[in-house]
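Spelled out, the chains give:
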Amino acid sequence: MLEIALKGSKTYYAWILALLAIIGMGFLLYMWQLQYGLGITGLSRDVSWGFYIANFTYLVGVAAGGVMVVLPYYLHDYKAYGRITVLGEFLAIAALVVCLLLIFVDLGQPMRGLNVMLYPTPNSVLFWDAMVLNGYLLLNLIVGWNVMEAERNGIHYQKWLKPLIYLSIPFAVSIHTVTAFLYSGLPGRGFWLTAILAPRFLSSAFAAGPALLILLCLFIRNTTKFDPGKKQIQTLGITVAYAICINVFFFLCEIFVVFYSQMPEHMDHFIYLFFGLKGYNSMVPWMWSSMALMVIGIILTVNPATRKNEVTLAVACVVIIFGTWIDKALGMIAGGFVPNPLHEVHEYVPTLPEIGITIGVYAIGALVLTVLYKMAVGVKEEVRA
Amino acid sequence: MESSRRRFMKMAGIAAVGLSAQPVIKAVAAAPTNGTHSLQKGPKALIGSQWAMVIDTRRFKTERDVAPLIEACHKTHNVPHFSDRRHEIKWLWETHFHNAFPDIVNPHMSEEAEHRPYLVLCNHCENPPCVRACPTKATFKRQSDGIVVMDMHRCIGCRFCMAACPYGARSFNFRDPRQGLVEKEMNPQYPTRMKGVVEKCNFCSERLSEGLMPACVEASKGAIVFGDLRDPNSEVRRVLRENFTIRRKSGLGTEPCVYYIV
Chain A
10 MLEIALKGSK TYYAWILALL AIIGMGFLLY MWQLQYGLGI TGLSRDVSWG FYIANFTYLV
70 GVAAGGVMVV LPYYLHDYKA YGRITVLGEF LAIAALVVCL LLIFVDLGQP MRGLNVMLYP
130 TPNSVLFWDA MVLNGYLLLN LIVGWNVMEA ERNGIHYQKW LKPLIYLSIP FAVSIHTVTA
190 FLYSGLPGRG FWLTAILAPR FLSSAFAAGP ALLILLCLFI RNTTKFDPGK KQIQTLGITV
250 AYAICINVFF FLCEIFVVFY SQMPEHMDHF IYLFFGLKGY NSMVPWMWSS MALMVIGIIL
310 TVNPATRKNE VTLAVACVVI IFGTWIDKAL GMIAGGFVPN PLHEVHEYVP TLPEIGITIG
370 VYAIGALVLT VLYKMAVGVK EEVRA
Chain V
64 MESSRRRFMK MAGIAAVGLS AQPVIKAVAA APTNGTHSLQ KGPKALIGSQ WAMVIDTRRF
124 KTERDVAPLI EACHKTHNVP HFSDRRHEIK WLWETHFHNA FPDIVNPHMS EEAEHRPYLV
184 LCNHCENPPC VRACPTKATF KRQSDGIVVM DMHRCIGCRF CMAACPYGAR SFNFRDPRQG
244 LVEKEMNPQY PTRMKGVVEK CNFCSERLSE GLMPACVEAS KGAIVFGDLR DPNSEVRRVL
304 RENFTIRRKS GLGTEPCVYY IV
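If you're matching them up, the sequences are chains A and V in order. For the first sequence, the numbering used here begins at 10 and goes up steadily by one. For the second sequence, the numbering used here begins at 64 and goes up steadily by one.
Heads up, a few of these hints could be off.
DEER-style ranges, computed between Cβ atoms [claimed, not checked]:
1. V:Y253 to A:F265: 31 to 37 angstroms
2. V:F307 to A:I308: 56 to 62 angstroms
3. A:L147 to V:K107: 51 to 57 angstroms
4. V:A176 to A:F36: 53 to 59 angstroms
5. V:Y253 to A:H355: 25 to 31 angstroms
6. A:G285 to V:Y253: 40 to 46 angstroms
7. V:K107 to A:G285: 53 to 59 angstroms
8. A:L37 to V:A75: 53 to 59 angstroms
Just so you know, the hints here were simulated from the structure itself, not pulled from any lab data. Ideal placement from N, C-alpha and C gives every residue a C-beta, glycine not left out.
If we strip away everything but chain A, and leave its shape as in the complex, we get:
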């Protein structure tokens, strides 16, 4: 099927070339990091994870969000999603590739990365995270590819795929739960030490993932002969509406517990993020923008008139993607590490090379997504022709 991705218009090739150029830039910056060390980033012994892990966390959510089309189709026999399940699975694949690469570029000694497999350590959440992320990637590759090929050949997909499809549903939940457990099981990190963290991660994932999928569906409809479908987009819109509401609700639950109990260990991180602490307040505008964006997202998706209008729905999706990104990527890391365990405030700002490497990794994900979607759309066009 890969040959479909080789035939494309000039714009398609220009896009691919542009992505390759960005990947090249990221690669050169990564060579610099490899040579000098992670000192080229803004990280320090106080904020020891940063932009890489923040974006990793966010994209695990996008990958898990793909299950919001897989689950209704396979478990509830919601037929309309049959057209777009593969788009959800391929989005998950691209997101997972980015996740794994972001972890890789974050390692101080990347050539020892396989030590995680050579010395398996079941008491480490990171070991389990590596397992479920790779497992989910493999499941989506096998399922997505085979279902796609069956569709192309006009036959029903193989019977043995069914258990794998069912397995992929709890796996989607597990990748984000385990990723939340990376944070929420650590004593002495009051910001993360909360059982609501995994549910919060999942709810924002189920908002951000389908929101991105809606944008991709609209893009596919406008640029190809394949229409993912009005009904499909609308149903996804409802999923986004529920998920973003639940996400904000979970956040408010946390706010209540933290500020009503008044325990400084938990409260100071929120004060730093939303009001600034000891004169340090670089996160304040970001966090309030995030809140505003999520509220706008709720208004636009819950209100039927703006949800049914695809233009305002698209705006809502962009707003929700950015709002949840600030909340889960930037805020989650900065809030967790500031103030540090000695209650000192050392802020973190990512450096240009760090951002460049991240963009390079994102470009690899975009390339994977482009090729996979080109293939999927090609098959859909073929079948419908």
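Position chain V relative to chain A; hints supplied.
The following block gives chain V in isolation, referenced to the frame of chain A:
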């Protein structure tokens, strides 16, 4: 032929699965490997089953009192010095009372006690969160003497241990540490590290094995007592019996092995 080739492929497949499962089996059901890899104790080695430290903070009035200890530690272990705060490496350092003990700071406390320098370092916890977090067992609690040690050659530099440590005791080599060392002042007895790995205080395990007290203890002129927490007759136990002591963030259940007389 066809069927036998198929069978061969099947068997090869099963064999491959079996081989790749071996490390997993090892992890889940490890057989004891007594004897084959155990290191010999040196004739002069100090022996203890859980090393612990008591710092008498009353004996340190100013920064000048603690500086020689920090220098002794950092010199002994080739801890580099970088002017950029972000690249800083520290094994033993001094801080304020409210930073060392953010959970037990009181208003209107004794000014003298409040303004003392407090030495902080790895607590070599009995229940260390960093060991739980490490995905490669590069950091582990040594069964023989309870020291939380690191294998610098196994560490992948994921920094999960740094997020897990509630004491901020761990540093990461953000750049080549040798660039922060003066060659003439280096201690050839202790290895330098490489970039991309985490490091921290090791309770001077290399000195204990030669019968020497930790470098900071030696430089403290008796203000720090070091010994076996499990031995009721040890010096550490005597000091703990006779003085009221506190530990950093004892409410977290990590069971730190560094005690403070305030």
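Hint-by-hint comparison with the structure:
| no. | hint | verdict |
| --- | --- | --- |
| 1 | V:Y253 to A:F265: 31 to 37 angstroms | violated, 51 angstroms |
| 2 | V:F307 to A:I308: 56 to 62 angstroms | holds, 59 angstroms |
| 3 | A:L147 to V:K107: 51 to 57 angstroms | holds, 54 angstroms |
| 4 | V:A176 to A:F36: 53 to 59 angstroms | holds, 55 angstroms |
| 5 | V:Y253 to A:H355: 25 to 31 angstroms | holds, 29 angstroms |
| 6 | A:G285 to V:Y253: 40 to 46 angstroms | holds, 43 angstroms |
| 7 | V:K107 to A:G285: 53 to 59 angstroms | holds, 55 angstroms |
| 8 | A:L37 to V:A75: 53 to 59 angstroms | violated, 42 angstroms |
Checked against the numbered hints above, the structure violates hints 1, 8; every other hint is satisfied.
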